[in-house]
Amino acid sequence: MNARFLPYVLIAPVTFFLCVFFLYPFVLVANQAFTVDGGYTMENFREVVSDWKFPISLQNTLLLAAAVVPVQLALALLMATMVNRMQKGRDLILYVWTIPLGISDLAAGIIWLAIFEQSGFLNSMLDAVGVIDKPANLLTCQNPWIVFLAIALAEIWRATAIMLVILVAGIGLIPKEYYEAAEVFGASKWKQFLRITLPLLRPSLQTALVLRVILAFEIFAVVAALGGTLFPVLMSETYAYQFDLLNSGAAAAMALIILGISIAATLVILRALRVPKGATI
Amino acid sequence: MTAVATDVAAPDARKAGRWLYITSVVLLCAWVIVPLYFLLINTLSAPEDVQSYPKAFFPAFDMGSLSFFVTFNGMIDALLNSIMVAGLTMILSIAVGAPAGYALSRFDFPGKELFRLLILLNRAFPLPLLALPLAVMFIRTGLDDTIIGLALVHTTLAIPFAVLITFSLFSGIPMELEEAAWTLGCTRLTAFTKVVLPLILPGIAASAIFAFVISWNEVFAAAVLTIENRTLTAFLLVKLSEAPIHLKFAGGFILVLPALIFIFAVRKYLFAMWGIANR
Chain A
1 MNARFLPYVL
11 IAPVTFFLCV
21 FFLYPFVLVA
31 NQAFTVDGGY
41 TMENFREVVS
51 DWKFPISLQN
61 TLLLAAAVVP
71 VQLALALLMA
81 TMVNRMQKGR
91 DLILYVWTIP
101 LGISDLAAGI
111 IWLAIFEQSG
121 FLNSMLDAVG
131 VIDKPANLLT
141 CQNPWIVFLA
151 IALAEIWRAT
161 AIMLVILVAG
171 IGLIPKEYYE
181 AAEVFGASKW
191 KQFLRITLPL
201 LRPSLQTALV
211 LRVILAFEIF
221 AVVAALGGTL
231 FPVLMSETYA
241 YQFDLLNSGA
251 AAAMALIILG
261 ISIAATLVIL
271 RALRVPKGAT
281 I
Chain B
282 MTAVATDVAA
292 PDARKAGRWL
302 YITSVVLLCA
312 WVIVPLYFLL
322 INTLSAPEDV
332 QSYPKAFFPA
342 FDMGSLSFFV
352 TFNGMIDALL
362 NSIMVAGLTM
372 ILSIAVGAPA
382 GYALSRFDFP
392 GKELFRLLIL
402 LNRAFPLPLL
412 ALPLAVMFIR
422 TGLDDTIIGL
432 ALVHTTLAIP
442 FAVLITFSLF
452 SGIPMELEEA
462 AWTLGCTRLT
472 AFTKVVLPLI
482 LPGIAASAIF
492 AFVISWNEVF
502 AAAVLTIENR
512 TLTAFLLVKL
522 SEAPIHLKFA
532 GGFILVLPAL
542 IFIFAVRKYL
552 FAMWGIANR
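Protein chains in written order, with the numbering used here: chain A, 1 to 281; chain B, 282 to 560.
Do not rely on the hints blindly, as some may be mistaken.
What the hints assert, rightly or not - Below, a list of computed lysine-lysine pairs in the DSS-like style, where the Cα atoms sit at most 25 angstroms apart:
1. LYS191(A) <-> LYS176(A)
2. LYS191(A) <-> LYS296(B)
3. LYS176(A) <-> LYS88(A)
4. LYS189(A) <-> LYS88(A)
5. LYS176(A) <-> LYS189(A)
6. LYS520(B) <-> LYS53(A)
7. LYS176(A) <-> LYS549(B)
8. LYS549(B) <-> LYS475(B)
9. LYS296(B) <-> LYS189(A)
10. LYS88(A) <-> LYS549(B)
11. LYS475(B) <-> LYS88(A)
Unchecked claim - Here are a few chain A residues that sit away from chain B, every Cβ distance over 10 angstroms (derived from the structure):
12. PHE54
13. LEU62
14. ALA107
15. ILE146
16. ALA264
Derived from the structure by calculation, the hints contain no laboratory data.
If you're wondering where the values come from, they're calculated on a predicted model, not measured in any experiment.
Ideal Cβ positions, reconstructed from N, Cα and C, are used throughout, including at glycine.
Based on the provided sequences and hints, a complete structural model is requested.
Here it is in structure tokens:
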């Protein structure tokens, strides 16, 4: 076959797939969000935004992202630099640390439910130490902060691994010569981290943050497992509009709102961590 | 950080630093493993012990919860559905994604950047949201509530990863190998099947497994697109509010188990997809 057409033949299946299952449904969902009974209107958006649950679920989603993502970033950076200077057992430690990568958000929610439920392991441990004498029901509406904490911990536990993988791959690409040169000039390990690792890691940090922040706005199953209806988030509201209220116009509007927030966050991150033109490793 | 560190610090301080380092590695490992261990204890306890208090910190190796899980109405079907959807996703995403990965690594063609942008957009998009209009589209085409329909959606989720992983795998094999095969009388196709394919097969297997895990774990689209033929994640999600608690734990354990094995199987390739691919 002609080498000029071969690449197009090879990418045709993916392009077809993405057009049918990504671009086309996207147009549909956008269309649905802006129409009521066949006419173009903002009615769907007005309806979801004016709902009393909307500010709470928006606030919950943003608060969770703000609490979870920075901790994950710090933890992933710490783990990545630790793994990097490891000589023995690097593969084993990396395997253990990346286990949560394969665990779904639903399973992670269930795992942390085992810890936080009334007869769970947290209560049992507190009992064993003697802090409490009878198990308290932690995940109720009287303890909104414990529900928040449980969800945040489950998210940090589950999703730090994806950042770790991206950062470890990124650190691996930084030439060792830079560190050797820094040693020669007497830079401390901390200085090396600040002046070499962090700046050169910028593309990886970008990828990791964008991916994590987008996924953080989509949080759903962890919340469903731990908080149920106690802790409304944007995604659970979308699900409720679609299935409990059978209002797919409103669900589509919610979907577009989540998308808008994701795009805004992505732009902010890309701008804040932009790589200067021509500056490559 | 190089091994030839010329520490001027006193040996005591260095020893303390070493201890701090080892302790934090151990603590971080425990942070990952202990919650999994708790789930294991709950899964291997008798149904009545799951609600008992205080908890034992060692598993009782009672199969009661697991056998309840197996006999629970619809659970085995859901498990089989999950396996079939994930298997189909695995085959589809490699069959569709690998050729594109090859094209990206071997050719420079007009429109390449646009294509890469499409792939990245897809990865950076809250895809499960598209399940809502797809549900309508599927009802029209008769794909609603079928294994194939859900597998198609999961393939869309897995494709960017399949393309990026195979792209970095193919980039790791020098073009010269193929060219040498051509001069020895191979066509483009036979050079690919006889030279490139054998070298790349383990990597392809790894990215296939990754696609399997993505589908296996997906909750939102599965819950939206299936009603009768629920996958395990969708089934558990729906049963969260009503199911007895030991059923949740046994289900969670079954969800986690393949993940442990799969991540172990693909651990070498986890980094390939972010290293070269994201620059």
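Closest CB of chain B to the CB of ALA107(A) still more than 10 angstroms away: Label violated. Min Cβ-Cβ 4 angstroms, cutoff 10 angstroms.
25 angstroms Cα cutoff - pair LYS475(B), LYS88(A): violated, 37 angstroms
Hey, LYS176(A) versus LYS189(A), does the alpha-carbon distance stay inside 25 angstroms? Distance of about 14 angstroms is within 25 angstroms: holds.
When you look at the beta carbon of ALA264(A), is every beta carbon of chain B farther off than 10 angstroms? The claim stands: ALA264(A) keeps its Cβ more than 10 angstroms from every Cβ of chain B (closest is about 13 angstroms).
Are all C-beta atoms of chain B more than 10 angstroms from that of LEU62(A)? Check passes; 15 angstroms lies beyond 10 angstroms.
LYS520(B) and LYS53(A): Cα distance at most 25 angstroms? holds, 24 angstroms
Under the criterion that the straight-line Cα-Cα distance not exceed 25 angstroms, is the pair LYS191(A), LYS176(A) satisfied? Holds, at about 15 angstroms.
Just double-check PHE54(A) for me: nearest Cβ-Cβ distance to chain B has to come out over 10 angstroms. holds, 17 angstroms
Against the 25 angstroms threshold, does the CA-CA distance of LYS176(A) and LYS88(A) hold or violate the hint? Between LYS176(A) and LYS88(A) the Cα gap is close to 19 angstroms, so the pair holds against 25 angstroms.
Verify the proposed pairing of LYS549(B) with LYS475(B), using a straight-line Cα cut of 25 angstroms. Given that 25 angstroms is the threshold and the Cα spacing comes to 24 angstroms, the pair holds.
Holds or violated: LYS189(A) with LYS88(A), Cα cutoff 25 angstroms? With Cα atoms ~20 angstroms apart, LYS189(A) and LYS88(A) stay inside 25 angstroms; holds.
Would the pair LYS296(B) and LYS189(A) pass a check requiring their Cα atoms to be no farther apart than 25 angstroms? holds, 16 angstroms
The structure shown violates the earlier hints numbered 11 and 14.
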